[in-house]
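**Q** Letter by letter, the chains look like this.
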Amino acid sequence: MGSKTPLYDNHIEAGARIVDFGGWDMPLHYGSQKEEHHAVRQNAGVFDVSHMTVVDLSGQRVREFLQYLVANDVAKLKDYGKALYTSMLNPDGGVIDDLIIYFVADTKYRLVVNAATREKDLAWIRKQAEAFDVGVVERAELAMIAVQGPHARELAAPCVDTEYRDAAMALKPFNGMFAGDWFVARTGYTGEDGWEIVLPAADASATWDRLLAAGVEPCGLGARDTLRLEAAMNLYGSDMDETVSPLEAGLEWTVAWEPAGRDFIGRAAIEEQRENTDRQRFVGLLLEDKGVLRNHQKIVVDGVGEGEITSGGFSPTIGRSIALARVPAGDYDRAKVEVRGKLLNVRIVKTPFVRNGQVRIDV
Amino acid sequence: MSELPGDLLFTNDHEWLRRENDGSVSVGITGHAATSLGDLVYVELPEVGQDVEEGGEMAVVESVKAASDVYAPIAGNIVAVNDELADDPEKINADPYGEGWIVRMTVEALDESALMTPDAYQQLLDELDD
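Protein chains in written order, with our numbering: chain A, 1 to 363; chain B, 1001 to 1130.
No lab work stands behind these hints: they were computed from the structure.
Bear in mind the structure is a predicted one, so any value in this text is a computation, not a measurement.
Keep in mind that the hints are not guaranteed to be accurate.
[Unchecked claim] DSBU-like mimics (lysine-lysine), calculated; alpha carbons at most 35 Å apart, straight line: (1) A:K350 to B:K1091; (2) B:K1091 to A:K298; (3) A:K108 to A:K127; (4) A:K108 to A:K172; (5) A:K108 to B:K1091; (6) A:K120 to A:K4; (7) B:K1091 to A:K342; (8) A:K76 to A:K350; (9) A:K120 to A:K76; (10) A:K78 to A:K127; (11) A:K336 to B:K1091; (12) A:K120 to A:K108; (13) A:K127 to A:K82; (14) A:K82 to A:K350; (15) A:K78 to A:K108.
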C-alpha cells in the first residue's frame, strides 16, 4: 500500500486502475488510456498530480540562492507569478531533478519538483539553503490537479473563486497567480493549453467532481506519459538523471549561460561539456516500420555509432511510434533501432511531435 | 467481467484455445490479459508454416504501456494468422475470443488435462481479484 492523494476515492469511483508510482497509489487509466489521451488533445482532461512535491522558499537571499541552486537564471522572472522551467545539477553537471519555479514575491518562490525524487530533492535543497538562510517548507498538505486541453480553462474557470476568475482566465502561458488559497498557473505537461492548480486538500475532491460533471475527462498517468512524449517534454529518470547533463538531454534551453559570472552548481562541468562537439545529440525519432519503440532499445547509426532510446512509445495522435533518444554526434537523419533482434528504420525529426492538437512532424 | 465462452480452454498465462471443426486450434489472449495490457497498438505475428514449441515465443502484443510475449500453449504448426490485427490490434480488446484471435495451428495432440476449463479459469480470475 502506497501513499494516497486526497483524490484517491475519486479515482476508485471513476473506475481507475491503480498502480504504484514512486510510492504513491496513482491512477494509470480509467478504462482507456488512448481515449483519455484524445480527450486532452481535443477537449479537456484532468490529472491528479498531488503526488508532486510543492516546496515554498522564503528569505531575503532567496533569489541569490536560486541563482546558485539551478541552471536557469531566476533573474529572468520579472513579474510576480511568472514561471521558469529548469534543472538542479550536481557538481558533475548531472541532473538531480527538473522543476518549475514560480516567482511569488521578492522574498518568496514556489518550486514544484518530482514525486519520485522528493526525499533527495528536499535534502539537497535544504543543505544548499543553509548558507543563504533560506526557509524551505514542503507543502505536503496541498493537493494539485492539472486541467489540460483546448477547452480546459473555460471548463475549469467556474471552479475558481469568482473574485479571481477573470484574472485567472487572463493569465498568459507560463504565468501563475494566487486565487485565494489556490494557486492557478497556465502550465502543464501535455503540449496543450490548460492550468495546473495547487489547492488545499479539502477542496480537491469537490473540484474534481465538478470538473467531471462539466465534461472534463479523468486522465491517468498512462495518458500523461503519451501526451508528454508527443510534446517532447522530458521525464526525469527516463530522459535524464544524475549521470546525464542537461546538454545531453535536450535541455540546454533551460540553462542560462549569461551572466557568465553566475556560479551555479554544476556550471564548470557543463561548460566543459559545451565545448565538446562530439557529445551525444538528444533527438526525436519517428518509427517508419511497424512496431513500437520502447525505452532502452539500442539505436544503430551505420558508420557512426550507437545510441539509446530514453523514452519510447506509441503516439495515439500520430498513430505511429515515436521516441526521444540519445544518439552519437554527426549529421544524419536516418537510423535503425534494434527491436527483438530486428533492425527497424527510424527517421530523426524535429520535436515537438505534437503541439496544441496539431501533428508537427512530417509523417 | 463478461461470461467466458464455454468452448474454450485456458492457460495460466491468460491465453485461450479453441478446437475448431477442421481439427485446428485457435489461440488468443483472454479478456483479462487484454484489459491488463490496456489499449493494444501493435501485434507481431509469426509466419504461416512456422513450427512452434510449447512455451516458445509465438507472437508479441504491444499496448500503449508495454510489450508482452504470447507463448505457444502447445507445440504445433502455424496454419493461419489473424492479419487484420496488423491494422486493428484493438480487436483484441474489443472481442478477445472472436475477432481478436491471434493464430490458428495444427497440433499433434491436445492434452486437455494440462489446460483449464472456463470454470477453472474463472476461479483463477476470482482469486486474482481478491
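**Q** Against this structure, judge whether each hint is valid.
**A** Taking the hints in turn, this is what the structure says about them:
1. A:K350 to B:K1091: Holds, because 33 Å separates the two Cα atoms, which is no more than 35 Å.
2. B:K1091 to A:K298: holds (30 Å)
3. A:K108 to A:K127: Answer holds: A:K108 to A:K127 is near 18 Å, not above 35 Å.
4. A:K108 to A:K172: holds (21 Å)
5. A:K108 to B:K1091: It is violated: about 54 Å lies between the C-alpha atoms, which goes past 35 Å.
6. A:K120 to A:K4: holds (20 Å)
7. B:K1091 to A:K342: holds (26 Å)
8. A:K76 to A:K350: Between A:K76 and A:K350 the Cα gap is close to 27 Å, so the pair holds against 35 Å.
9. A:K120 to A:K76: OK: A:K120 and A:K76 at ~27 Å, within 35 Å.
10. A:K78 to A:K127: holds (27 Å)
11. A:K336 to B:K1091: Answer holds: A:K336 to B:K1091 is near 29 Å, not above 35 Å.
12. A:K120 to A:K108: Roughly 22 Å between the alpha carbons, so the hint for A:K120 and A:K108 holds.
13. A:K127 to A:K82: holds (26 Å)
14. A:K82 to A:K350: holds (27 Å)
15. A:K78 to A:K108: Status holds; Cα separation ~13 Å.
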